[in-house]
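There are 2 protein chains.
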Amino acid sequence: MTKKVLDKDIVTLVKKAKGASAGLALASTTVKNAALRRLARALLTNQGYLIKENKKDLAEAKRQNYSKALVDRLMLDEKRIKGMAQCLLDTAKLKDPVGEELKKFKRPNGLVIKKVRTPIGVIGIIYESRPNVTSDCIGLCLKSGNAVILKGGKEAFYSNRAIFSVLKKALQSTKIPVESIQLISSVDRQAVHVLLAQDQYVDLIVPRGGEGLIRFVAEHSRIPVVKHYKGICHTYVSDKANLQMALSICVNAKVHRPGVCNAMETMLVHKKVAKEFLPKVAMVLVDAGVELRGCPKTIKILKGIKKATDKDWDEEYLDMILSIKIVGSLPEAVGHINTHGSQHSDAIVTQSQKETDQFFRSVDSACLYVNASTRFTDGYEFGFGAEVGISTDKLHARGPMALEELTTYKYVILGKGQIR
Amino acid sequence: MTKKVLDKDIVTLVKKAKGASAGLALASTTVKNAALRRLARALLTNQGYLIKENKKDLAEAKRQNYSKALVDRLMLDEKRIKGMAQCLLDTAKLKDPVGEELKKFKRPNGLVIKKVRTPIGVIGIIYESRPNVTSDCIGLCLKSGNAVILKGGKEAFYSNRAIFSVLKKALQSTKIPVESIQLISSVDRQAVHVLLAQDQYVDLIVPRGGEGLIRFVAEHSRIPVVKHYKGICHTYVSDKANLQMALSICVNAKVHRPGVCNAMETMLVHKKVAKEFLPKVAMVLVDAGVELRGCPKTIKILKGIKKATDKDWDEEYLDMILSIKIVGSLPEAVGHINTHGSQHSDAIVTQSQKETDQFFRSVDSACLYVNASTRFTDGYEFGFGAEVGISTDKLHARGPMALEELTTYKYVILGKGQIR
Numbered sequence: 000m001t002k003k004v005l006d007k008d009i010v011t012l013v014k015k016a017k018g019a020s021a022g023l024a025l026a027s028t029t030v031k032n033a034a035l036r037r038l039a040r041a042l043l044t045n046q047g048y049l050i051k052e053n054k055k056d057l058a059e060a061k062r063q064n065y066s067k068a069l070v071d072r073l074m075l076d077e078k079r080i081k082g083m084a085q086c087l088l089d090t091a092k093l094k095d096p097v098g099e100e101l102k103k104f105k106r107p108n109g110l111v112i113k114k115v116r117t118p119i120g121v122i123g124i125i126y127e128s129r130p131n132v133t134s135d136c137i138g139l140c141l142k143s144g145n146a147v148i149l150k151g152g153k154e155a156f157y158s159n160r161a162i163f164s165v166l167k168k169a170l171q172s173t174k175i176p177v178e179s180i181q182l183i184s185s186v187d188r189q190a191v192h193v194l195l196a197q198d199q200y201v202d203l204i205v206p207r208g209g210e211g212l213i214r215f216v217a218e219h220s221r222i223p224v225v226k227h228y229k230g231i232c233h234t235y236v237s238d239k240a241n242l243q244m245a246l247s248i249c250v251n252a253k254v255h256r257p258g259v260c261n262a263m264e265t266m267l268v269h270k271k272v273a274k275e276f277l278p279k280v281a282m283v284l285v286d287a288g289v290e291l292r293g294c295p296k297t298i299k300i301l302k303g304i305k306k307a308t309d310k311d312w313d314e315e316y317l318d319m320i321l322s323i324k325i326v327g328s329l330p331e332a333v334g335h336i337n338t339h340g341s342q343h344s345d346a347i348v349t350q351s352q353k354e355t356d357q358f359f360r361s362v363d364s365a366c367l368y369v370n371a372s373t374r375f376t377d378g379y380e381f382g383f384g385a386e387v388g389i390s391t392d393k394l395h396a397r398g399p400m401a402l403e404e405l406t407t408y409k410y411v412i413l414g415k416g417q418i419r
Numbered sequence: 000m001t002k003k004v005l006d007k008d009i010v011t012l013v014k015k016a017k018g019a020s021a022g023l024a025l026a027s028t029t030v031k032n033a034a035l036r037r038l039a040r041a042l043l044t045n046q047g048y049l050i051k052e053n054k055k056d057l058a059e060a061k062r063q064n065y066s067k068a069l070v071d072r073l074m075l076d077e078k079r080i081k082g083m084a085q086c087l088l089d090t091a092k093l094k095d096p097v098g099e100e101l102k103k104f105k106r107p108n109g110l111v112i113k114k115v116r117t118p119i120g121v122i123g124i125i126y127e128s129r130p131n132v133t134s135d136c137i138g139l140c141l142k143s144g145n146a147v148i149l150k151g152g153k154e155a156f157y158s159n160r161a162i163f164s165v166l167k168k169a170l171q172s173t174k175i176p177v178e179s180i181q182l183i184s185s186v187d188r189q190a191v192h193v194l195l196a197q198d199q200y201v202d203l204i205v206p207r208g209g210e211g212l213i214r215f216v217a218e219h220s221r222i223p224v225v226k227h228y229k230g231i232c233h234t235y236v237s238d239k240a241n242l243q244m245a246l247s248i249c250v251n252a253k254v255h256r257p258g259v260c261n262a263m264e265t266m267l268v269h270k271k272v273a274k275e276f277l278p279k280v281a282m283v284l285v286d287a288g289v290e291l292r293g294c295p296k297t298i299k300i301l302k303g304i305k306k307a308t309d310k311d312w313d314e315e316y317l318d319m320i321l322s323i324k325i326v327g328s329l330p331e332a333v334g335h336i337n338t339h340g341s342q343h344s345d346a347i348v349t350q351s352q353k354e355t356d357q358f359f360r361s362v363d364s365a366c367l368y369v370n371a372s373t374r375f376t377d378g379y380e381f382g383f384g385a386e387v388g389i390s391t392d393k394l395h396a397r398g399p400m401a402l403e404e405l406t407t408y409k410y411v412i413l414g415k416g417q418i419r
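Heads up: the sequence lines are chains S and V, in that order. Here numbering that gives the first Met the number 0 is used: position 82 in the first sequence is 81, and no number is missing along the way. Here numbering that gives the first Met the number 0 is used: position 261 in the second sequence is 260, and no number is missing along the way.
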């Protein structure tokens, strides 16, 4: 096991990616799709090897006493490998963003200006745990014409290395430059430091994982980073809500998968419906194993639950815990969300179009929902195939990032001798 | 003259901008356009005051022995003030980007997802010399719903302060929050340092000016920066060019305004046409006062001109100097541009569609021209009204940045109770 990689090896690998990126950017849609299908086949025919290598990570996870949830995220079986292959096949079916004409206009002097999508160049992705990220991101980057440098977490060391080597080998029998995909297999942070300094060769860094990893990347990168730190998602149940619908949405947003960034952390309820709604929703949530923490007004209705402290409103639990606050109006709910939220995903449950419009206009988050669970903030659920990450930044990309978010554009200007 | 501003004053001013931005983001198109027209009127009715204050800057420039070109850039007269007012009126006429539906799609589960343009929030613009930037940028930022913090150069201290105070006063008689526009009148760099640390309140920094200023900003900012460092622009005269057209384009790109970023710095000429083309173009250029520096092959044709050194190919002269290189093929020209260029604006002169396509695909610059002068890379020339800057970055915005580039988007998702 050689987990140690020298600084200069990383620079070499980054330069190889940059070198391959120009050729990859010119690859036709047909060539890229054929390559993705080839990679999908390779995953399926190497299932045995992948599962064997994954077992090493699982054994290490056991030794380290990792949580059940983490072990589950790490685990690869036939079904999951099939899912990874399917994701590559789905990506092959998606529209190629490269070359898309975003705009075309003619100036009074006769110049024709076209705005055309192009690949960004070289993308670095730094991530934790789930090994399917390795193949998902390779698929999205290749399809969008970008070279990719992957740096996975130490907990998935063997799995990531195995997936990568299978895909890299398969790439040799395609027309895609084989150095377009790179894996930094070192597990120490020094490797990340070296990668983040390569602003000459790498155009974009996407960190995925816990807030600690993301803050580390954002603070140390000389390369632009698109990211979200955390997901403190809210659902506001208006007095104009269908309360049966509100119940199902709130329970889903909290319980379906509490450890992810689009799960609900705080529920806001209008005072007029609190007495009717709270006991009903609390029963289902507590039944599911959720710990409730309420504002002073809430604990008068839901007697016996824990009191929420100021800290609770800014907390991403990533766990079966929910804070609840009763508010007097939509503006109060909006104010709470804009103050304590993380601009990720927030929902309103209401039957009022006026309230919906007001919520959409005044909450400043990447994804705003009316009458749906915040759990839908996800590249696959949006129909983007997969995602390289979710952004709460305001520049370049917001929300789930997939093929289009992996592109930039250039202007091409057609003249007939025009001068100024 | 109080040029000194305390750190805490800057933080206060930044917070005021942030506070105003939420209200501004909700302002209707009608309200914004009426305000822009009001600002335009204020410039015209305060001409005398503006010219008087501008004279103080001009006097100081004389004392400092500034170049004639710089003094000209600083100068305000009736015609230029009229131009500034016209720019605000033109901006009022431009389509409001806020609220534009960029995309709308329906998922199989019935969720309707809309991607909607929204303002970015608070924009900081750090610039040098020309005082019209003050009003142009206020116009673009207000129209796109963004609060703006301006930090001009010391050479335009009195002019910027005067323009700003006229516009700020005029804003009081509009429905736009008056704190939406802020000016940092301090002239020391410490003020920039403090501004660049306000990532909690400021969403984007656009630096405009010399490479030194821009590098300083990029290196010290905790806020995302969109920028270009310099403009090393090329024109490639192919052997398939109309040489008469090539002559007029090359002369315009070099001579029309040599001190700006979209002026040509290097001319590349195909070897087959060099003997015919170079003497003709050289005569016109030298006549106009341009100093020529040639590669070894060039100086065999243009005897007596200076030899270009390796350094010349990477130099942004911003002056009446031109480096000339003879190349053997389009790929050689492309290679030279991708190696030595600054990804700003590059042109090919050719009658061949095949060459045009190849040039457009393989040169990685923000703006690529066929048969036109690179001088057109400019917000006004593109029909964007004005520009807050030109970007050679790959993320968020590339090329001239105006209203659309001052927006981000949010997803709004309409459900009927959907859960995962």
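No wet-lab data here; the hints were simulated from the structure. There's no promise every hint is true.
Note that the list lumps identical chains together, so a pair holds whenever it fits in one copy or between two copies.
Pairs of lysine-lysine residues, derived as BS3-like cross-links and limited to a Cα-Cα distance of at most 27 angstroms, are as follows [unchecked claim]:
id, residue 1, residue 2
1, Lys17, Lys103
2, Lys353, Lys153
3, Lys92, Lys114
4, Lys415, Lys239
5, Lys7, Lys279
6, Lys51, Lys15
7, Lys299, Lys14
8, Lys55, Lys168
9, Lys103, Lys239
10, Lys94, Lys114
11, Lys113, Lys103
12, Lys229, Lys78
13, Lys274, Lys78
14, Lys353, Lys102
15, Lys239, Lys113
16, Lys103, Lys14
17, Lys78, Lys296
18, Lys274, Lys94
19, Lys239, Lys353
20, Lys54, Lys229
21, Lys92, Lys102
22, Lys94, Lys353
23, Lys102, Lys114
24, Lys113, Lys94
25, Lys415, Lys67
It should be emphasised that the depicted structure is a prediction, and the values quoted were computed from it without experimental measurement.
Sort out which numbered hints this structure fails and list those numbers smallest first.
-> Violated hints: 1, 2, 5, 6, 7, 12, 13, 16, 17, 18, 20, 25; rest satisfied.
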